[in-house]
Amino acid sequence: MDFWISQVFNGISYGALLFLLAGGLTLIFGMMRIINLTHGSYFLLGGYVGLTVIWRTGSFPLAILVGAVAIAVLGVVQWRLFLHRLAGEELGQVLTTVGFALIFQDLALVIWGGEPYTIPAPAALTGAFNTGTLYFPVYRVFMIGVAAVVAVVLWFVLERTRVGAMMRATVDDAEMAGGVGIDVRRISMGVFALGALLAAGAGVVGGAFVGVYPGADFEILPYAFVVVIVGGMGSLRGALIGSLLVGLLDNFGKALFPEFSYFTLFAPMAAILAIRPTGLFGRA
Amino acid sequence: MGKKLTLGVVAALVLAVAAAPPAWAQKGPIKIGFIAPMTGGAAQVGKDMLNGLMMYLAERGNEIAGRKVEVIVEDNQGSPAVALTKLRKLVESDKVHVLTGGLFAHVGYALAPKVDEYKIPMLYPVMAADDLTQRKPSKWVVRTGWTSSQPSHPFGEYVAKTLGYKKVAVIAMDYAFGYEVVGGFQKTFEENGGRVIQKLWAPIGTTDFAPYLSQIKRDADAVFALMVAVSSLRFPKQYEDSGLKAKIPLIGGGTTFDEFVLPSLGDEALGGVSPLIYSAAIDTPINKRFVKEYRAKYGKVPSYYSETNYTAGRWIDEAAKAIKGDVENREKFLAALRKVEIPDAPRGPIKLDSRGNPIQTIYIRKVERKDGELWNTVVKTYPAVSQFWTYKPEQFLKDPVYSRDFPPCKYC
Chain C
1 MDFWISQVFN GISYGALLFL LAGGLTLIFG MMRIINLTHG SYFLLGGYVG LTVIWRTGSF
61 PLAILVGAVA IAVLGVVQWR LFLHRLAGEE LGQVLTTVGF ALIFQDLALV IWGGEPYTIP
121 APAALTGAFN TGTLYFPVYR VFMIGVAAVV AVVLWFVLER TRVGAMMRAT VDDAEMAGGV
181 GIDVRRISMG VFALGALLAA GAGVVGGAFV GVYPGADFEI LPYAFVVVIV GGMGSLRGAL
241 IGSLLVGLLD NFGKALFPEF SYFTLFAPMA AILAIRPTGL FGRA
Chain W
285 MGKKLTLGVV AALVLAVAAA PPAWAQKGPI KIGFIAPMTG GAAQVGKDML NGLMMYLAER
345 GNEIAGRKVE VIVEDNQGSP AVALTKLRKL VESDKVHVLT GGLFAHVGYA LAPKVDEYKI
405 PMLYPVMAAD DLTQRKPSKW VVRTGWTSSQ PSHPFGEYVA KTLGYKKVAV IAMDYAFGYE
465 VVGGFQKTFE ENGGRVIQKL WAPIGTTDFA PYLSQIKRDA DAVFALMVAV SSLRFPKQYE
525 DSGLKAKIPL IGGGTTFDEF VLPSLGDEAL GGVSPLIYSA AIDTPINKRF VKEYRAKYGK
585 VPSYYSETNY TAGRWIDEAA KAIKGDVENR EKFLAALRKV EIPDAPRGPI KLDSRGNPIQ
645 TIYIRKVERK DGELWNTVVK TYPAVSQFWT YKPEQFLKDP VYSRDFPPCK YC
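Chains as they are written, first to last, in my numbering: chain C, 1 to 284; chain W, 285 to 696.
Chain C on its own, in the form it takes in the complex (with noise of 0.2 angstroms):
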């Protein structure tokens, strides 16, 4: 019993932290369809502002904001200058988005070097809670209470807010959207640092759990795309579910058949593309 427990907690957890990342991509990638592949870099050089805040101010919630801000605002810049005019092209989307995950790489290795760090909890958020034989570390009840917290106000603000409705409409039909006063270009410029926003946000929080190395930004970017695409494009509760069923799914299957992780993880998602071309909550 203990085993599933832990197990469940873990993939949970993990599968938290995906939806950090890859509820910003449900929004670029899903809902805008600006296939990014920036988004890994914004993770990585979130963790890198966060990581130069914490030292020199000690002070972790300021480097989520500080890391979550600037990422936020060289995303508009990205966007403005280069994605807005590439709409609909998908291959210039990719060799561009690939380009600019390129530089900032190498960006990242001029100004950070190539160090391994992690960014330091604080220590409120280190330790475990104990209960018997059970651990349950206290940072990643924290990453889930983070992914609980994003997920309600993302879902609140979409579906329940003027601001929503107007991304809505933008996403759905920009030339109507346009029509009725909605000021298009704001909004996607909007929705595009949102999701610039949660992932660099996502770096400085997974930045404390896996660390911020050269390199993150591709290895998380597929978990991120497998996410969306079996959750569904541009539907949030698919991104939330699709996180929380890579997590558990990434979890059981290293747990109970070590050799085969890999394939425990991306034979299912293979069968459910099979079945739902759309992912499981996608509109075609």
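Keep in mind that the hints were calculated from the coordinates and are not lab data.
Hints are not guaranteed to be accurate.
[Unchecked claim] No more than 25 angstroms apart at the CA atoms, straight line, and that leaves these computed lysine to any residue pairs for SDA-like:
no. : chain 1 : residue 1 : chain 2 : residue 2
1   : W       : Lys531    : C       : Gly132
2   : W       : Lys584    : C       : Val110
3   : W       : Lys331    : C       : Leu107
4   : W       : Lys616    : W       : Gly350
5   : W       : Lys581    : C       : Ile111
6   : W       : Lys572    : W       : Pro667
7   : W       : Lys331    : C       : Trp112
8   : W       : Lys650    : C       : Phe129
9   : W       : Lys531    : C       : Ala128
10  : W       : Lys650    : C       : Tyr117
11  : W       : Lys501    : C       : Leu134
12  : W       : Lys664    : W       : Leu554
13  : W       : Lys501    : C       : Gln7
14  : W       : Lys531    : W       : Gly550
15  : W       : Lys531    : C       : Val141
16  : W       : Lys531    : C       : Val110
17  : W       : Lys451    : C       : Asp2
18  : W       : Lys331    : C       : Glu115
19  : W       : Lys311    : W       : Gly324
20  : W       : Lys501    : C       : Glu259
21  : W       : Lys423    : W       : Asp378
22  : W       : Lys654    : C       : Glu115
23  : W       : Lys576    : C       : Gly113
24  : W       : Lys581    : C       : Leu107
25  : W       : Lys331    : C       : Tyr117
26  : W       : Lys635    : W       : Glu615
27  : W       : Lys694    : C       : Leu256
28  : W       : Lys584    : C       : Trp112
29  : W       : Lys576    : W       : Ile626
30  : W       : Lys531    : C       : Phe129
31  : W       : Lys531    : C       : Leu125
32  : W       : Lys531    : C       : Leu134
33  : W       : Lys608    : W       : Gly345
34  : W       : Lys451    : C       : Glu259
[As the list claims (entries may be wrong)] Partial chain W-side listing against chain C, Cβ under 7 angstroms, derived:
no. : residue
35  : Gly489
36  : Thr491
37  : Asp492
38  : Ala494
39  : Ser498
40  : Val514
Computed from a predicted structure; not experimentally measured.
Backbone N, C-alpha and C define an ideal beta-carbon position, used for all residues, glycine too.
Got chain C sorted already, so can you dock chain W onto it with the hints?
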């Protein structure tokens, strides 16, 4: 008359040759080709390696055996395919005299046949794949580093006898280097009465170790972990967070607690015991000078990557001196490289065994905090350890190379 003239010509020729300055004086610099990842995930390791080599050459005023030295650096981004392209470039268009560098066992295996084809000596200061000096030797590869299982052999004995652990659970990276480090440990540990009760293999790049940690058998006396690079950074923290550190001591392969990651680690690494061919904390005047000057120059403590490449520079220097700088004669150069003995490297005395792997000191190290920094304090030294430990080479080589299933896990 005709005969006299011939004789005269011969005499003149002989004189001319004898009087000519030594060949090297006209030949320009000795060119060293260096291949390592300079960009991408392993770039920092590549930099540590290059720093070591350049520091040695700078100490010699960039001159070896009376000739200037030129180092041509090529970035292979950690990939075997790119390494092969760069090798061709260095040999064919730069016309280097000797090659060095390289990171990751599979790159080592990829380069070796090509190096033999070109008949050009290449030093392997880091790449440790066992079989390159065991069952699949390569004529032109001169290993100045180590075999993966070399530090593990004495460590197995140390853990069984000195630390007195009876049952050990293993978690290691799932690739050749992991198999060899773990295999060497298991062999000697079990021969000294210990039992490996569990072996878990995690893929390289594993971010979350929790699924493995929750499976670790709680009746183990110690956990042996083999981590490399980024995983060394993550593992100790997750080990502590899972509540295991308080119950089961953590030991491991040398790279788990490498100087490369120590500055980024905190209390979670304290107490970790591991073996390696080097520790920055070796208490000899030579090493202290090395560490001090390396820090002054590059602002950090040297890792074993820096030391082995520093010593590789020395190695090339000694061999070139022995043949008076005639490095163009590759056969002669290779023979000289194989004969080098260094009694006073920062890591201790080194010479090659008959199969071309260094016989050297193995250090058992324990992570401790000193003046606010983490160091690998040396708790025991095993001098003059060969890749075959105390076994007869012929006997040892009859076994297959260490793998996932060899030695078999009898007590799992």
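Hint check:
1. W:Lys531 / C:Gly132: Given that 25 angstroms is the threshold and the Cα spacing comes to 14 angstroms, the pair holds.
2. W:Lys584 / C:Val110: Given pair lysine 584 of chain W, valine 110 of chain C holds - Cα atoms ~17 angstroms apart, limit 25 angstroms.
3. W:Lys331 / C:Leu107: OK: lysine 331 of chain W and leucine 107 of chain C at ~16 angstroms, within 25 angstroms.
4. W:Lys616 / W:Gly350: Roughly 18 angstroms between the alpha carbons, so the hint for lysine 616 of chain W and glycine 350 of chain W holds.
5. W:Lys581 / C:Ile111: Cα-Cα ~19 angstroms, so holds.
6. W:Lys572 / W:Pro667: holds, 19 angstroms
7. W:Lys331 / C:Trp112: holds, 14 angstroms
8. W:Lys650 / C:Phe129: Given pair lysine 650 of chain W, phenylalanine 129 of chain C is violated - Cα atoms ~29 angstroms apart, limit 25 angstroms.
9. W:Lys531 / C:Ala128: holds, 14 angstroms
10. W:Lys650 / C:Tyr117: Satisfied, since the Cα-Cα distance of roughly 21 angstroms is no more than 25 angstroms.
11. W:Lys501 / C:Leu134: holds, 14 angstroms
12. W:Lys664 / W:Leu554: This hinted pair holds, its Cα atoms lying about 17 angstroms apart.
13. W:Lys501 / C:Gln7: Roughly 15 angstroms separates the two Cα atoms, so the pair holds.
14. W:Lys531 / W:Gly550: Given pair lysine 531 of chain W, glycine 550 of chain W holds - Cα atoms ~18 angstroms apart, limit 25 angstroms.
15. W:Lys531 / C:Val141: holds, 22 angstroms
16. W:Lys531 / C:Val110: violated, 41 angstroms
17. W:Lys451 / C:Asp2: Given that 25 angstroms is the threshold and the Cα spacing comes to 23 angstroms, the pair holds.
18. W:Lys331 / C:Glu115: holds, 10 angstroms
19. W:Lys311 / W:Gly324: violated, 36 angstroms
20. W:Lys501 / C:Glu259: At roughly 18 angstroms apart (the allowed maximum being 25 angstroms), glutamate 259 of chain C and lysine 501 of chain W satisfy the hint.
21. W:Lys423 / W:Asp378: holds, 22 angstroms
22. W:Lys654 / C:Glu115: Satisfied, since the Cα-Cα distance of roughly 21 angstroms is no more than 25 angstroms.
23. W:Lys576 / C:Gly113: holds, 21 angstroms
24. W:Lys581 / C:Leu107: It holds: about 23 angstroms lies between the C-alpha atoms, which stays within 25 angstroms.
25. W:Lys331 / C:Tyr117: Answer holds: lysine 331 of chain W to tyrosine 117 of chain C is near 16 angstroms, not above 25 angstroms.
26. W:Lys635 / W:Glu615: holds, 19 angstroms
27. W:Lys694 / C:Leu256: Satisfied, since the Cα-Cα distance of roughly 20 angstroms is no more than 25 angstroms.
28. W:Lys584 / C:Trp112: holds, 14 angstroms
29. W:Lys576 / W:Ile626: holds, 21 angstroms
30. W:Lys531 / C:Phe129: Status holds; Cα separation ~16 angstroms.
31. W:Lys531 / C:Leu125: This hinted pair holds, its Cα atoms lying about 21 angstroms apart.
32. W:Lys531 / C:Leu134: holds, 13 angstroms
33. W:Lys608 / W:Gly345: holds, 17 angstroms
34. W:Lys451 / C:Glu259: holds, 23 angstroms
35. Gly489: Holds, about 6 angstroms.
36. Thr491: holds, 4 angstroms
37. Asp492: holds, 5 angstroms
38. Ala494: holds, 4 angstroms
39. Ser498: holds, 5 angstroms
40. Val514: holds, 5 angstroms
Of the numbered hints given earlier, the model fails hints 8, 16, 19; all others are met.
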